[in-house]
Amino acid sequence: MATAAVQSGERETYLNHQYGIKSWLLTVDHKRIALLYLMGITFFFFIGGFFALLIRLELLTPAGDLVQADTYNKLFTMHGQVMVFFFLIPAVPAVLGNFLIPIMIGAKDLAFPRINLLSWYLYMIGGVLMLYTIINGGVDTGWTFYTPLSTEFLNTHVITAGLAIFVAGFSSILTGLNFVVTTHRMRAPGMTWSRLPLFVWAHYATSIIQLLGTPVLAITLLLVVCERLFHLGIFNPALGGDPLLFQHLFWFYSHPAVYIMILPGMGIVSEIVCCFSRKRIFGYQAMALALLGIAVVGFLVWAHHMFVAGISLYAALIFSLLSYFVAVPSAIKVFNWTATMYNGSISYQTPMLYAFGFVGLFTIGGLTGLFLASLGIDVHVTDTYFVVAHFHYIMVGGMVMAYLGGMHFWWPKISGRMYPEGWGRLAALLVFVGFNLTFFPQFILGYMGMPRRYWDYSHSPEFQILNVLSTAGATILAVGYLLPMIYFLWSMRYGKPAPANPWNAAGLEWMVPSPPPTFNFDEEPVVTWEAYNYDEIKEEVPVAQ
Amino acid sequence: MPNSPVATANHEAHDNPALLHHFASEQQQKDAASLGMWVFLATEIMFFGGMFCAYLVYRYWYFGDFGAGSQSLNVVLGGTNTAVLICSSLTVALAVRAAQLGKQTTVVVCLILTMLFGVVFLGIKGVEYHDKFVEHHVPGASFHFPGHIPSHPDIPINQQHAQIFFSLYFIMTGLHALHMIVGLGLFAVITYYAMRKRYGPHYCTPVEIAGLYWHFVDIIWIYLFPLLYLIDRHK
Amino acid sequence: MANNVDALYIFLLTVSALMTISIFTMIIFFAIRFRKRAGHQAEQIQGSHALEITWSVIPFCVFMVFFGWGALIYFKERKPPDNSAEVYTVAKQWMWKFEHMEGQREINELHVPVGRDVKMIMTSQDVIHSFYVPAFRIKQDVLPGRYTVAWFHPTKPGTYHLFCAEYCGTSHSGMVGSVVVMEPRDYEAWMGGGGNQPLAVTGERLFSELGCVTCHRSDTQGRGPNLVGLFNKPVLLEDGRTVTADENYIRESILQPAAKIVNGYKPIMPTFQGQISDEQLNALVAYVKSLGQQPTGQTGGRNMATATPKTQ
Amino acid sequence: MSEHVSSLKLYIGIWLALLAGTLLTVIAAGIDLGPFNAVVALTIATIKATLVVLFFMHVKYAHEKLTKVVIISALFWLAILLALSMADYTTRLWS
Chain A
1 MATAAVQSGE RETYLNHQYG IKSWLLTVDH KRIALLYLMG ITFFFFIGGF
51 FALLIRLELL TPAGDLVQAD TYNKLFTMHG QVMVFFFLIP AVPAVLGNFL
101 IPIMIGAKDL AFPRINLLSW YLYMIGGVLM LYTIINGGVD TGWTFYTPLS
151 TEFLNTHVIT AGLAIFVAGF SSILTGLNFV VTTHRMRAPG MTWSRLPLFV
201 WAHYATSIIQ LLGTPVLAIT LLLVVCERLF HLGIFNPALG GDPLLFQHLF
251 WFYSHPAVYI MILPGMGIVS EIVCCFSRKR IFGYQAMALA LLGIAVVGFL
301 VWAHHMFVAG ISLYAALIFS LLSYFVAVPS AIKVFNWTAT MYNGSISYQT
351 PMLYAFGFVG LFTIGGLTGL FLASLGIDVH VTDTYFVVAH FHYIMVGGMV
401 MAYLGGMHFW WPKISGRMYP EGWGRLAALL VFVGFNLTFF PQFILGYMGM
451 PRRYWDYSHS PEFQILNVLS TAGATILAVG YLLPMIYFLW SMRYGKPAPA
501 NPWNAAGLEW MVPSPPPTFN FDEEPVVTWE AYNYDEIKEE VPVAQ
Chain B
1001 MPNSPVATAN HEAHDNPALL HHFASEQQQK DAASLGMWVF LATEIMFFGG
1051 MFCAYLVYRY WYFGDFGAGS QSLNVVLGGT NTAVLICSSL TVALAVRAAQ
1101 LGKQTTVVVC LILTMLFGVV FLGIKGVEYH DKFVEHHVPG ASFHFPGHIP
1151 SHPDIPINQQ HAQIFFSLYF IMTGLHALHM IVGLGLFAVI TYYAMRKRYG
1201 PHYCTPVEIA GLYWHFVDII WIYLFPLLYL IDRHK
Chain C
2001 MANNVDALYI FLLTVSALMT ISIFTMIIFF AIRFRKRAGH QAEQIQGSHA
2051 LEITWSVIPF CVFMVFFGWG ALIYFKERKP PDNSAEVYTV AKQWMWKFEH
2101 MEGQREINEL HVPVGRDVKM IMTSQDVIHS FYVPAFRIKQ DVLPGRYTVA
2151 WFHPTKPGTY HLFCAEYCGT SHSGMVGSVV VMEPRDYEAW MGGGGNQPLA
2201 VTGERLFSEL GCVTCHRSDT QGRGPNLVGL FNKPVLLEDG RTVTADENYI
2251 RESILQPAAK IVNGYKPIMP TFQGQISDEQ LNALVAYVKS LGQQPTGQTG
2301 GRNMATATPK TQ
Chain D
3001 MSEHVSSLKL YIGIWLALLA GTLLTVIAAG IDLGPFNAVV ALTIATIKAT
3051 LVVLFFMHVK YAHEKLTKVV IISALFWLAI LLALSMADYT TRLWS
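Protein chains in written order, with this note's numbering: chain A, 1 to 545; chain B, 1001 to 1235; chain C, 2001 to 2312; chain D, 3001 to 3095.
Bear in mind the hints are in silico, worked out from the structure with no lab data behind them. Be a bit skeptical, because a hint or two may be false.
Said to hold, decoys possible - For lysine-lysine, the following DSS-like pairs were computed, each having C-alpha atoms within a straight-line distance of at most 25 angstroms:
| id | chain 1 | residue 1 | chain 2 | residue 2 |
| --- | --- | --- | --- | --- |
| 1 | C | 2260 | C | 2233 |
| 2 | C | 2156 | C | 2097 |
| 3 | C | 2097 | C | 2079 |
| 4 | D | 3060 | D | 3009 |
| 5 | C | 2076 | C | 2156 |
| 6 | C | 2076 | C | 2260 |
| 7 | C | 2260 | B | 1235 |
| 8 | A | 538 | C | 2036 |
| 9 | B | 1132 | B | 1235 |
| 10 | C | 2079 | C | 2233 |
| 11 | C | 2266 | B | 1235 |
| 12 | C | 2036 | A | 496 |
| 13 | C | 2260 | C | 2079 |
| 14 | C | 2119 | C | 2079 |
| 15 | C | 2119 | C | 2156 |
| 16 | B | 1103 | D | 3060 |
| 17 | B | 1103 | D | 3009 |
Chain A extracted, bound-state conformation (with noise of 0.2 angstroms):
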């Protein structure tokens, strides 16, 4: 086989091996499929994010006057859509797991590489109808579908943005299959369970939940689209049919799936405190029990969500207590990862700002989640801005900041150049200033009784002030948000080429070449060293340099 790689003697990587469109759009490699996936994410986060900075500026004064009820209705609702079902949860599994996890355990490629591709096709068809969907008018059911209101009351697109969520679901599922079966089938010899990276245990256990829980949201969809069709009046009160069914079966999924956005963004902090600590993590088997742990306990606290819904009054005493059941594990990960940094030797590179950030916003979204799980607080601060600003401290806040922490903790490895470290810093301080900004006014503002989805709040004044401060604190996280695009994309080109191994850190990923060629290792590695053998590990002075 004759590569335009080899012919131009350079050394063949995944990237130069193969040129042309159809390369990509055919490829089964997995590493291919991760920058496939990447494109569109990046892209839909912006689409989001476009609708974020709207929703931002229509609230700066009370009135509601730059968008009309309606269209600011469709605003928040297709942020939601758009953030979650496209961004929050294919992000870090899609991009980074897919391009890591067959790497990390010493393996070719995914178990099934095709289904692979398959489901970021079906990402893509989903994406597509989500779009379709967007330019045909919106839809403004609010993220959560909630019945009777999407199935009877609401005439705008409802079927098609349920349809893309239905099959960008599938691509989820799909994703989540491949890990499973990659992580079981595919390790190298002497690559054990107990020294599995915890990057790839939180794949597993967020593979566990999209497995379990997607399908449940797929087939809810799936029963309110026939409802808007059909009118059977499953989850219609006025033929019988119980709205909070329709409540339950949507939390089941949508619930868990807080943990499909976090749990990566867990496994990634793990590697970027262990390297720029240069420890091994405190208690790696009490890490990885947590990651299970908060993956399997977080299916059995769904119906917070609904404590002011109407259910039993016992249903809702069991969901709170078993709400607190899924904090332990949550609190152990932020213990352990400050006693990592005990005694360490910390530099403060950007991936380690975005994790230092990540650490301290997971502990104030969690913490704030205990007061939504106490019945009596929640019955006040739930459908507030509360809940506004707890979710956004642990999706933007967490999921992001990881996010934003792994991209450049790995984009010398993905693309085979630095970026830069200046710019790099200043980006996570902005989004760590502007975060903050943002939404922790928000919690003020749902203590003072500010309900969320309000387009128009002329009626309390007194709530400006605050909203002011989000929106000011919106524009900087805008800045600082493009700045990385902007600097990985000169990377591409003018960035200093990266070494194998640019952060001295462990893991099989580091010791194949940057970018990685096509069957990421020359012949099988044998494993014969714990995760993170960080006293193994010389520093030594990158090679670039």
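Dock chains B, C and D against chain A, hints included.
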């Protein structure tokens, strides 16, 4: 994948053309495929699980109307269909056995029998759907389900609650039938390859994997039959 | 109630702030103290089960306090006191309709006297709404097809925001109103302006107009169960179950009489689904409930204005 | 996992048992057992499903526990969905 010199390049290194490049051994590939199907079936359980949950809630609320709806279903056709599916499960199991033993003709015969049973099942299902359509038992504007609930001859059937029963009936059996159709498609492809003697003692993973799927579809029906057809039958 | 919620909130806030500050301090301290420098080597630590158990068990115990305290408040919030004044509420896109026991009707404004427990009995005509008064720290979703209940105890006169907290379509943010808490004297004056028929009296009239009274007689000869003294009592059903005759039970029995047959009676009552409005249904429920207080000899609604305020 | 080749006799036996189970379900549904009608029907269905899983799907001869773990996890998750949902529905009428 016509564009992939990777796969072809590596295929040459192995004796077995079915071994894909990224697997180290045939055993590994086979184990991966089998685990993949089992994990997929776990997903399927939750997919049907959402509907079983809806079913359970409304059966608990509207037991009488569910009983009435159930009794209007044709238990003879439903029971026959159960038997037909069980027969098809047997022929699939025999097809896998024949492949393991290298009996090429038996594989093909068993697969064709399986598809035949599958088509018979769908045909009977079609007859049942047709009957329901004629009787106006299909949810929608023309839905009409007169009568009384079985345990209480003086309580008339609540039309809305009966409509929920039939909605669930059509969605659950409809999705089951859709799974059957997918299975028939799989078997059509596999039969094609079986005729070309692709499968034998060394390589019969596709037959096994498709078999697992088919058995699962059978099991779903084993539950759907009593849950939908046999509520309060004795009254 | 608001004070209880705030006390718990401050407790949680304190504990959370302590935890957040200690985590942040540790991160910053470690980051500086153990920064990378010449001659400093990272010390490899495998972990410590003792420490891990400590920082799971201690937080868990604290969490259980959060749970217990929160549950106590919630339990109270879900159990309206027996002698509350009652306000029947119908929510629709996008307004709140209130009806007092004395028959006063209001839209988007609710007048209540200081110091009196108020129980909101709410239903929706279309989609899910949520009754939210931030100042009282209460919120309850309002569902179509059934009643949900919330209650509060106003302690200070003033005008408070009322919000719909569950997204309900185009004018969700316009579905706002106010709760006006008045001194009992002012409230009486406001009340006096009406000359309305008490809700239970309206219900009693409907009860005879619709012919309910022919079967539901106040003796044992009726073809339907005697409704006197029924409210809030357990009812033995024909299938052996026992249910409490609350507002939802009465509502369901009017709309779907066949759903729960009382032991010893025949299912002969016709359905009133689609034949009476939500307001008429509320009046009927209020009347049947007023029969529940029969021992006191009262059939009309209790007069809120005569109630003396409790401690403020 | 298919290294094991089952005998023809076993397959036919299982097949007959499944057919008998179907017949038994229909007969049992005709007898008034009160609330136990559903229990009997589901017990027979579960026995039938177990036979299919163990013998037709060869789980009895699987060389590792993983397959069983996958099946049991899926059923466990289904149980979570059903049990916790019903925890709400069955207690709504409690006062």
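Sort out whether residue 2156 of chain C lies within 25 angstroms of residue 2119 of chain C, counting only the CA atoms. holds (17 angstroms)
Has the given pair, residue 2260 of chain C with residue 1235 of chain B, been kept, meaning a C-alpha gap of at most 25 angstroms? The hint holds at about 19 angstroms.
Within a Cα-Cα threshold of 25 angstroms, do residue 2036 of chain C and residue 496 of chain A meet the stated pairing? Status holds; Cα separation ~24 angstroms.
Between residue 1103 of chain B and residue 3009 of chain D, does the CA-CA distance stay at or below 25 angstroms? holds (17 angstroms)
If you draw a straight line from the CA of residue 2097 of chain C to the CA of residue 2079 of chain C, is it 25 angstroms or shorter? holds (23 angstroms)
For the pair we were handed, residue 2076 of chain C and residue 2260 of chain C, check the Cα-Cα distance against 25 angstroms. violated (29 angstroms)
So if I understand the rule, the pair passes when the alpha-carbon distance is 25 angstroms or less; does residue 2119 of chain C with residue 2079 of chain C pass? holds (10 angstroms)
Check whether the Cα positions of residue 2266 of chain C and residue 1235 of chain B lie no farther apart than 25 angstroms. holds (19 angstroms)
Run the distance test for residue 2076 of chain C versus residue 2156 of chain C: straight-line Cα separation, threshold 25 angstroms. At roughly 20 angstroms apart (the allowed maximum being 25 angstroms), residue 2156 of chain C and residue 2076 of chain C satisfy the hint.
Hey, residue 1132 of chain B versus residue 1235 of chain B, does the alpha-carbon distance stay inside 25 angstroms? With a Cα-Cα distance of about 22 angstroms, the restraint between residue 1132 of chain B and residue 1235 of chain B holds, given a limit of 25 angstroms.
Pair hint outcome, residue 3060 of chain D versus residue 3009 of chain D [Cα-Cα no greater than 25 angstroms]: Roughly 16 angstroms between the alpha carbons, so the hint for residue 3060 of chain D and residue 3009 of chain D holds.
Has the given pair, residue 2156 of chain C with residue 2097 of chain C, been kept, meaning a C-alpha gap of at most 25 angstroms? Roughly 23 angstroms separates the two Cα atoms, so the pair holds.
Violated hints amount to a single one, hint 6; each of the other numbered hints is respected by the structure.
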